[in-house]
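Protein chains: 2
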Amino acid sequence: MTVMQTKQPEKINLDDILSYGNDPEMISFAGGFPDPKLFPEAALKQAYLDAINEDGTAIFQYHTAQGDLDLRERLADRMRSHCQVAATAADIMLTQGGQQAISLIAQMLLTPGAGVVIEAPTYLGALDVFNRYQPHYYEVSMDEAGMDVDQLAALLAKHPEIKLIYTVPDFQNPTGTTLSAIRRQRVAELAAKYQVVVLEDSPYRDLSYNGSVPPTIKHFDQAGQVIYVSSFSKILSPALRTGWLVADQRYLKTLISLKGASDLQSPQISLRAINQFLSHQDIDAHIAKLRTVYREKRDTMLTAIEHYFPKNVTYTKPAGGFFIWATLPVGIDAGALLADVAVPQNHIAYVPACCEFAIPVHNNGMRLSFVGCSPAEITRGIKRLGKMLTELV
Amino acid sequence: MTVMQTKQPEKINLDDILSYGNDPEMISFAGGFPDPKLFPEAALKQAYLDAINEDGTAIFQYHTAQGDLDLRERLADRMRSHCQVAATAADIMLTQGGQQAISLIAQMLLTPGAGVVIEAPTYLGALDVFNRYQPHYYEVSMDEAGMDVDQLAALLAKHPEIKLIYTVPDFQNPTGTTLSAIRRQRVAELAAKYQVVVLEDSPYRDLSYNGSVPPTIKHFDQAGQVIYVSSFSKILSPALRTGWLVADQRYLKTLISLKGASDLQSPQISLRAINQFLSHQDIDAHIAKLRTVYREKRDTMLTAIEHYFPKNVTYTKPAGGFFIWATLPVGIDAGALLADVAVPQNHIAYVPACCEFAIPVHNNGMRLSFVGCSPAEITRGIKRLGKMLTELV
Numbered sequence: 003m004t005v006m007q008t009k010q011p012e013k014i015n016l017d018d019i020l021s022y023g024n025d026p027e028m029i030s031f032a033g034g035f036p037d038p039k040l041f042p043e044a045a046l047k048q049a050y051l052d053a054i055n056e057d058g059t060a061i062f063q064y065h066t067a068q069g070d071l072d073l074r075e076r077l078a079d080r081m082r083s084h085c086q087v088a089a090t091a092a093d094i095m096l097t098q099g100g101q102q103a104i105s106l107i108a109q110m111l112l113t114p115g116a117g118v119v120i121e122a123p124t125y126l127g128a129l130d131v132f133n134r135y136q137p138h139y140y141e142v143s144m145d146e147a148g149m150d151v152d153q154l155a156a157l158l159a160k161h162p163e164i165k166l167i168y169t170v171p172d173f174q175n176p177t178g179t180t181l182s183a184i185r186r187q188r189v190a191e192l193a194a195k196y197q198v199v200v201l202e203d204s205p206y207r208d209l210s211y212n213g214s215v216p217p218t219i220k221h222f223d224q225a226g227q228v229i230y231v232s233s234f235s236k237i238l239s240p241a242l243r244t245g246w247l248v249a250d251q252r253y254l255k256t257l258i259s260l261k262g263a264s265d266l267q268s269p270q271i272s273l274r275a276i277n278q279f280l281s282h283q284d285i286d287a288h289i290a291k292l293r294t295v296y297r298e299k300r301d302t303m304l305t306a307i308e309h310y311f312p313k314n315v316t317y318t319k320p321a322g323g324f325f326i327w328a329t330l331p332v333g334i335d336a337g338a339l340l341a342d343v344a345v346p347q348n349h350i351a352y353v354p355a356c357c358e359f360a361i362p363v364h365n366n367g368m369r370l371s372f373v374g375c376s377p378a379e380i381t382r383g384i385k386r387l388g389k390m391l392t393e394l395v
Numbered sequence: 003m004t005v006m007q008t009k010q011p012e013k014i015n016l017d018d019i020l021s022y023g024n025d026p027e028m029i030s031f032a033g034g035f036p037d038p039k040l041f042p043e044a045a046l047k048q049a050y051l052d053a054i055n056e057d058g059t060a061i062f063q064y065h066t067a068q069g070d071l072d073l074r075e076r077l078a079d080r081m082r083s084h085c086q087v088a089a090t091a092a093d094i095m096l097t098q099g100g101q102q103a104i105s106l107i108a109q110m111l112l113t114p115g116a117g118v119v120i121e122a123p124t125y126l127g128a129l130d131v132f133n134r135y136q137p138h139y140y141e142v143s144m145d146e147a148g149m150d151v152d153q154l155a156a157l158l159a160k161h162p163e164i165k166l167i168y169t170v171p172d173f174q175n176p177t178g179t180t181l182s183a184i185r186r187q188r189v190a191e192l193a194a195k196y197q198v199v200v201l202e203d204s205p206y207r208d209l210s211y212n213g214s215v216p217p218t219i220k221h222f223d224q225a226g227q228v229i230y231v232s233s234f235s236k237i238l239s240p241a242l243r244t245g246w247l248v249a250d251q252r253y254l255k256t257l258i259s260l261k262g263a264s265d266l267q268s269p270q271i272s273l274r275a276i277n278q279f280l281s282h283q284d285i286d287a288h289i290a291k292l293r294t295v296y297r298e299k300r301d302t303m304l305t306a307i308e309h310y311f312p313k314n315v316t317y318t319k320p321a322g323g324f325f326i327w328a329t330l331p332v333g334i335d336a337g338a339l340l341a342d343v344a345v346p347q348n349h350i351a352y353v354p355a356c357c358e359f360a361i362p363v364h365n366n367g368m369r370l371s372f373v374g375c376s377p378a379e380i381t382r383g384i385k386r387l388g389k390m391l392t393e394l395v
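Residue numbers (the working numbering), protein chains in the order written: chain S, 3 to 395; chain A, 3 to 395.
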């Protein structure tokens, strides 16, 4: 558990990290980009057509900040069936991907000096949002069962300025670990006890490769302190820029108003196309296909790491999601290695630890995405990376 | 010229105002909704098809925060030909409508207590953004040639905490007035002298019904202090949620980073569909059609007002855009009138003055949108409204 003071925004820029893809020899494990071969192109094209044909000119008009009711109703059904959350359409707001949900929740809760609990490491795009508010970060360390909830309890007891707990409980970004059911219940209870909001960021939940996932934290939320966030980016297409949040009415009202000020509303054409897709296609069959392909890629990467990485590099074995987290021996700066050796000499990219911790002392980790490359590229890339690491350590 | 202290956010909610449309007898002049009959439905549907067919699966992937390069290049051409601004694609960022551009610029510049100059009255959605920062508002009054630039000069000389001048120079929302060329030049010079940013919000520029419009303020901007904002909402479709801003690099870099944190990027499918539309369709021919229809509606509303409104109600005669502004005798609260009489008894809606001033003392004005209703509805609605006002004053 580390307590830190307010930190100025770092020069972390998602676009910069993701632009390594311009080198034709590059094998990039950096971006959390879905496999483009798995986008249901024909079905999505048909969904846009159906949406425009059925809705007519109304689809091109202004609509509401909360977002299309039909789509919210479908999502409420899904919250009940897939997340064990008794939400209705009235409890849901549609957002520009999960990212906007994080941004709006931060806007609602944070002022300079507010306390934010984050997992160490955590999702770099969330840090990018929180940094704007110059918060006090409180990092909670992770083990195989997710964030250490005893650390969380101690922090909440000691720091009443904490307003927000940010967690990615399912196949976490960047470590791939999953928060255990008993800890989820504890997080919900602590949030209720200390009247702190939990932002449960769950874009990978459906991408489970080893069977079932524990209930959501929101499922255990009796005090209305958990805001659940998810997205179509990983299970359908990130270019739809469509996510949703589920929140208690006392938060939802403010969030709808903040959404209105931010961009009035989401693009109705996208929302109605997704609604058509969900009405005519079996999204769970599509997700099952993603699972099969991504499971193989995960297994390929784990096998290659086992084979090619030096033995003093440790790594996680995720049960789902997009990412494996590798920890290099202490003293190796994965960021410097990326910029000086991995990208220019070995044409390999990953996201280095410096992007994923609020406190830049942890620099010996790397996030490896296994979903964007083919199995053959994964093996080739990990072999290259392993050779580089073996020469180094 | 009015100087005011920090103000708490009012309960202004665009969604609430626009939901008056649920009454079937309602004739609403409230929302700034384009005429849905003018949406180019078939061409937009084809544009989505073409975009998906030509780009293939790449269209569904993550892209960049700044937005699609092809579309930015087309917009740079348009900035040169229609706005007399020598911008390149590198100077442009795509946004979720003009609203997101306003929101990101405010996020970049404002902190509690910062000074913001606004026109009195001004666009209610901009107030909704600025209110979050609890700024000091400095209102500048308007005449037939737009904002009073002598007042502006005096404010800038006296209040160094002013960070932002917000103006809608073309067919202003809500008054319909247009800032004269000589005043535009003065605004740009004052911004340079005092190192203040001008947010030139220009969504109505193309909708001119009486001939040419003065050059943009950005055209006179030699110091890079003017950020130009526009949108496809009024000239194509608001449901595309696509706008753009043109800014000096020192501002653009920050704005791109803020956009990334807010929602990562705009939906690539929408951006590529607009790019297809602009490539296969003549948008200026489409705009010429909008002008013809909206000119007739404006004329219809002005004729009806002349005929049916009591003589002690004054009103503007806009040369373009969406709105006429009517001023009732002092002492009549247009907001109370709306809630108590106009909506429940007369089934007429407008946006009352209280929404459009930072200082709620000006309550005797109403914004009347002439674009959403048919000419017959306009005449019927203005007759009803005139009867109500005649009985009242």
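Some hints could be false.
Identical copies go unnamed one by one, so any copy, or any two together, can satisfy a pair.
Stated by the list, open to error - The list that follows gives simulated cross-link-like pairs (lysine to aspartate or glutamate, EDC-like), each with its CA atoms no further than 20 Å apart: (1) K47 <-> D57; (2) K319 <-> D93; (3) K389 <-> E146; (4) K195 <-> D152.
Source of the hints: derived by calculation from the structure; they are not laboratory data.
Right, here's what the structure says about each hint:
1. In this homomeric assembly, K47 and D57 come within 20 Å of each other (Cα to Cα) both inside a single copy, at 16 Å, and across copies, at 12 Å.
2. Proximity of K319 to D93 under the C-alpha cut-off of 20 Å is found in neither arrangement, the shortest distances being 35 Å within a copy and 44 Å between copies.
3. Proximity of K389 and E146 under a CA criterion of 20 Å is satisfied in neither setting, with 27 Å inside one chain copy and 73 Å between copies.
4. When the C-alpha separation of K195 and D152 is checked against a cutoff of 20 Å, the pair qualifies only within one copy, where the shortest distance is 14 Å, while the shortest distance between copies is 57 Å.
In terms of the numbered hints stated before, the structure departs from hints 2 and 3, listed from lowest to highest.
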